[in-house]
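Residue-level listing of the chains:
2 protein chains.
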Amino acid sequence: MVLFDRPLERASSDCFSAYGGAVDQRSEGAIHAARAGAVAALVRSMTMRLDDFPHTGSMRYSPDVERIPAAAISTRAADELAARLARGESVRLALQLGCRWHPDATSHNVIGELRGSELPDEIVVVGGHLDAWDVGQGAHDDGAGCVHALEAVRLIRARGLRPRRTIRVVFFMNEENGTRGAAGYFDAHRGELERHVLALESDAGGFTPRGFSTDAGPEALAALEEIAALLEPASAASVRPGWGGVDIAPLARAGVPLVGFRPDDERYFDVHHSDRDVLEAVHPRELALGAGAIAGLLYVVADLPDALPRNPGDAR
Amino acid sequence: MVLFDRPLERASSDCFSAYGGAVDQRSEGAIHAARAGAVAALVRSMTMRLDDFPHTGSMRYSPDVERIPAAAISTRAADELAARLARGESVRLALQLGCRWHPDATSHNVIGELRGSELPDEIVVVGGHLDAWDVGQGAHDDGAGCVHALEAVRLIRARGLRPRRTIRVVFFMNEENGTRGAAGYFDAHRGELERHVLALESDAGGFTPRGFSTDAGPEALAALEEIAALLEPASAASVRPGWGGVDIAPLARAGVPLVGFRPDDERYFDVHHSDRDVLEAVHPRELALGAGAIAGLLYVVADLPDALPRNPGDAR
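Chains as they are written, first to last, in this note's numbering: chain A, 21 to 336; chain B, 21 to 336.
Derived from the structure by calculation, the hints contain no laboratory data. All figures in this text were calculated on a predicted structure; none of them were measured in a lab. Hints are supplied without guarantee of correctness; some may be wrong.
Not the full set, but computed from the structure, chain B residues with beta-carbon under 7 Å of chain A [stated by the list, open to error]:
#	residue
1	THR228
2	ASP284
3	GLU306
Which stretches of chain A does chain B cover? Using the computed rule of at least three CB atoms under 8 Å from a CB of chain B, they are [as the list claims (entries may be wrong)]:
#	region
4	278-289
5	304-312
Backbone N, C-alpha and C fix where the C-beta goes; we use that ideal spot for every residue, glycine too.
With the hints as constraints, model all of the structure from the sequences given.
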């Protein structure tokens, strides 16, 4: 999950709020350090966990200052460095970075559909993002989100159900490094965005469901609350006003109500953007509960007699 | 956590319900197997996880049948055994058990108090159990519960708070093998049980809070719901009718309302009663949230102007 302009501060969870409140040290640290005359910038990894794993993530430069080297170091390394400096020791630090900026290459969103039985042109989008940082495996960020979306539709099919409207699974590409897949989806589907009735994103890990957050207006919110109440067995009965997701965010301009899947997040930043984000960190039951919760919400929304009320949307 | 007479079926969580619905295969398997002429009884470990760790736990014999050897085997071993039998293979199984029934030995509950400022004779009990199975370390079952109780009172003290009533931390002994500590507490404190205003037990692991369950009557339940609503930041805002805890269960006879701390339980039976129940399986933030939630509930209950309404209680 990337943070541009701190959208996650709108999320209700404490861990995401903490991350959202601190991540500018990584994303803008090199700018401020260069302004202060630094030759390089280090940042303490964005995690609550004390260990030896650095957590990577996006950062940016500003045209008006030098592009100095920047790196994240592990929390233990940062503590050690800070302690030495606090003791007044003279610290020499050598930085060897292998990262480069590669030229753009073509990549693709991956899309599949369960066509609606009565209103196949009305679309409920559900997705996660297909790309991940080059450390770890991206199992929680955002393999879990992709599996949630795919498995939710499989569960609906396995029950022999086919809702009135089409459910479209979208694995968005390039979320971590520019959200080109999100922009590409918006552009490619511009002609049918008025018939997108909801978009749901899972990009907060594969942990036990807590519920959903949404930017839906009061009437749609009330309907979503009623639907989510059915999801008590999957621990997902709560719907709160809040953030939808980075990849579906452009759809808000077309008035599409956005919903973010909200799992327990206490362990998310333990693994996020690090070598620890591997399959072993995903708990099968927790992942399955998330898919079940999402399946329930998707099915009911896609099968409603009348579509959920849309948001106003921006003039385009 | 032991299961006598399946009290956990009353718990609202799916994992505990699943455990409660299956555990008679372990607790009574040897009785039924002996009746059918078996020379020994094996049980598939009581866990949703597929791995190589057997999960132990209490079992019993019946006076009218032979006391045959009984053992739990890992889920993978059970699957392998079942597959071989299903293929019609002739299976020879050698059982070597080192377990014995030792004579009783004296042990103790461990008790500490934060004395109330105005009504020190009125008592709110909070506790977990000090004993654990001989596999693993008992980190979740029930080290976490003991730490919850102790840390909750430390948090209250650290804030410079002293509620009107006494908060009594009780680490109960012998929960896993007879609940003698629970019975001992009841007997030793019989004279003051009328002044016990609430008892809270944490014995479901150190995971992220989900809320509480209680046997309190409608009026006390409503008050507890109001108090728990304050605990939304610790994800513990929900109170459901349900189970309190094995160690505090005897106090119900004296009309003391019981409250069980209810954490996320998806991972609990991964580790429960096995070599995997070790400190590394406890997540520091999740544990701390539980202590915070319990501290909040305890403090408000102990500081209420009027004590919570009691339950009717049984004639003694």
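Hints, one by one, checked against the model:
Because the beta carbon of THR228(B) sits about 5 Å from the nearest beta carbon in chain A, less than 7 Å, this interface hint is met. The interface hint given for ASP284(B) holds, since its Cβ lies 5 Å from the closest Cβ of chain A, which is under the 7 Å cut-off. Interface restraint check for GLU306(B): the shortest CB-CB distance to chain A comes to about 5 Å, inside 7 Å, so the restraint holds. Only when three residues or more bring their CB closer than 8 Å to a CB of chain B does the claim for the region 278-289 of chain A stand; here the count is 3, and the claim holds.
Chain B is given as covering the region 304-312 of chain A, and this holds because 3 residues of the stretch bring a CB closer than 8 Å to a CB of that chain, at least three being needed.
In summary, the structure agrees with every hint in the numbered list given earlier.
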